[in-house]
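**Q** Chain by chain, the residues run as shown.
2 protein chains.
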Amino acid sequence: MTKKIRAVQFGVGPIGASIARLMRQKAMIEIVGAIDKDPAKVGRDLGEVVGAPDAPWRVVISAKSQPALEKSVDIVVHSTSSYLTSVMDQLKECLAAGCCIVSTCEELAYPWKKHPELSKQLDAAAKEEGVALLGTGVNPGFVMDKLVLTLSAVSQRVDWASAVRIVDASKRRLPLQKKIGAGMTPEEFRAQVAAGVIKHHGLPESIAMLADGLGFAVDDISETIDPVMAEEDVKTEFLQVMRGQVAGVHQIARGTMGGKEKIFMELKMYVGAKSPSDTIELKGEPSLSLVIPGGTHGDVATAAVVVNAIPAILAAPAGLRSGRDLPFSFFPPTANT
Amino acid sequence: MTKKIRAVQFGVGPIGASIARLMRQKAMIEIVGAIDKDPAKVGRDLGEVVGAPDAPWRVVISAKSQPALEKSVDIVVHSTSSYLTSVMDQLKECLAAGCCIVSTCEELAYPWKKHPELSKQLDAAAKEEGVALLGTGVNPGFVMDKLVLTLSAVSQRVDWASAVRIVDASKRRLPLQKKIGAGMTPEEFRAQVAAGVIKHHGLPESIAMLADGLGFAVDDISETIDPVMAEEDVKTEFLQVMRGQVAGVHQIARGTMGGKEKIFMELKMYVGAKSPSDTIELKGEPSLSLVIPGGTHGDVATAAVVVNAIPAILAAPAGLRSGRDLPFSFFPPTANT
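Heads up: the protein sequence lines correspond to chains X and V, in order.
The opening residue of the first sequence carries number 25 in my numbering; numbering runs sequentially from there.
The opening residue of the second sequence carries number 25 in my numbering; numbering runs sequentially from there.
It should be emphasised that the hints constitute simulated quantities derived from the structure, not laboratory data.
There could be a bad hint or two in this list.
Identical copies go unnamed one by one, so any copy, or any two together, can satisfy a pair.
As a list, the in silico EDC-like pairs of lysine to aspartate or glutamate whose alpha-carbon atoms are at most 20 angstroms apart [unchecked claim]:
#	residue 1	residue 2
1	Lys116	Glu152
2	Lys195	Glu309
3	Lys137	Glu247
4	Lys223	Glu212
5	Lys151	Glu255
6	Lys307	Asp323
For reference, chain X alone in the conformation it holds in the complex (with noise of 0.2 angstroms):
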């Protein structure tokens, strides 16, 4: 029998809740350890915590990283801040341990550009130990970026390339709802945003990645958000917006080359969305365009991206990696051929 592959959840929040219970059903997976600095968490059994039908799972949750990495860890699955700033102490812990990584970390999944000397410590860390890590997700990761890049590979020519995401956010948990300002007045909205506290993260990312796969020499990434009013009412299982109140939010996102717009993104996440969907245009040899109906729904998607990684991001050369380097495909709960 292949040796399996022991696992480390580091940040046990919704998104690591949701990456842990789907890797305890790989069967080449072992969780060996957890790490979350939530004294509500701290010391109690991840299974439990994760609301586990099959807990407990015997693997404590640690608010330190020092023993979870010292049980011969192959993968940190790491999903605990949007900033790479905040997560690279984290990061650069678990490449001391020698342990490949793949993190839900918006920033982290494109960092050339926004952060290039951070992208040249952890490259360097990484490759110092051996090992490979890897930021992804549904967006950025996948249905923005990958996705796009993806289909690029049937153009014999590409123009412009846009992405754009329409989210119900209805059926999303609570914090989301929360996070996307629904039922505040504009006037609040305003202020959430100035405060960095309403946005959504990874439209520069995906960009970059794009700018650079698709081969745009792109000068300028410019981002605007703005609410999405409800123009109706609107019931949610956890909240209530009225017509009027702001039921969403509206990211647009460009990059440019000498003024020119190459790259397009749109994200609208809103309670009450109609037509959900993701849709990616290519122009050029030929134009294309790419429709998931419905669209990718961002928990369960995101926590699939990244477990269905973890053999990529193990079989890749060591460094800082993107989803441009790595093949993306399903990760089968039983052993594979």
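For this one, chain X is given, so just place chain V on it according to the hints.
**A** Here is chain V on its own, set in the frame of chain X:
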């Protein structure tokens, strides 16, 4: 400046010509040779034979591989036959000369199931020379396998997969319109199927790739070929099909596990197809679909996939590879970051 990729075009039929023209657009590629046994092409300039506006290219087509392969070749782009047994000697010659290969040979797209012994030989020969080879194209190679696996990266569980491709052959080459039986009587069509003339190759290869990638222990792959009958008169640039004649081909392939269908593939290529499209469906958690409205154009896309795969196969570990192992993306025309 980075060293250019030295390429040889092996096979200068319609697809090979399209590949050569596309390679010529890539600043990173220098075409240093071409091989074709057709006496009408041997000794002529490749650029002239492929109808390039900037001909002559000062690349002479040779009948045998030897002179072309002696020029420190990095990559051979191979496009001569659908059958692996027919091209084994050609592939081995290229590998022995230390060249990587990307081939349009349909049976090479995922050869392990149908040709396990030949696959072993190619893998061993490639590893001995430290080079890699890949069979790819739009189908097999992309829309019915690689793109399905890429989509499966957002799946937590996959129970069943399907790929349906509907191609309007009206705007395709005459040889293709003939190859699908357009204008024949049903009897002529059946006779041509029995003679092995009418058949799109690659569905079993796509099923085998999906089976391994999705972890389905598929124990049987079956395939049917039937005519699509014209429901009205159709006139193309090259021929006319009357109502009641054959408009094209309808192939279905299934991968089953203990009698249960796990993978379904349907290909309809006929003149006058009303809604050409590529559609992928995954049942599982979550269930997902993906549509390319209009579909990917076979000839344009095959040349694109093959040329775009060159950087990935040059960077791949030595051996026999498939689309499963490699990241697929666009190959920018100018030197890339």
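**Q** Would you mind marking each hint as holding or not holding in the structure?
**A** Structure-based check of all given hints:
1. Lys116 / Glu152: Answer is within: at 11 angstroms inside a copy they meet the 20 angstroms cutoff, but 38 angstroms across does not.
2. Lys195 / Glu309: For lysine 195 and glutamate 309, only the inter-copy Cα distance (16 angstroms) is at most 20 angstroms; the intra-copy one is 39 angstroms.
3. Lys137 / Glu247: within (15 angstroms within a copy, 49 angstroms between copies)
4. Lys223 / Glu212: within (14 angstroms within a copy, 63 angstroms between copies)
5. Lys151 / Glu255: neither (52 angstroms within a copy, 62 angstroms between copies)
6. Lys307 / Asp323: Classified as between; 18 angstroms across copies, 30 angstroms inside a copy.
Hint compliance for this structure: hint 5 alone is broken.
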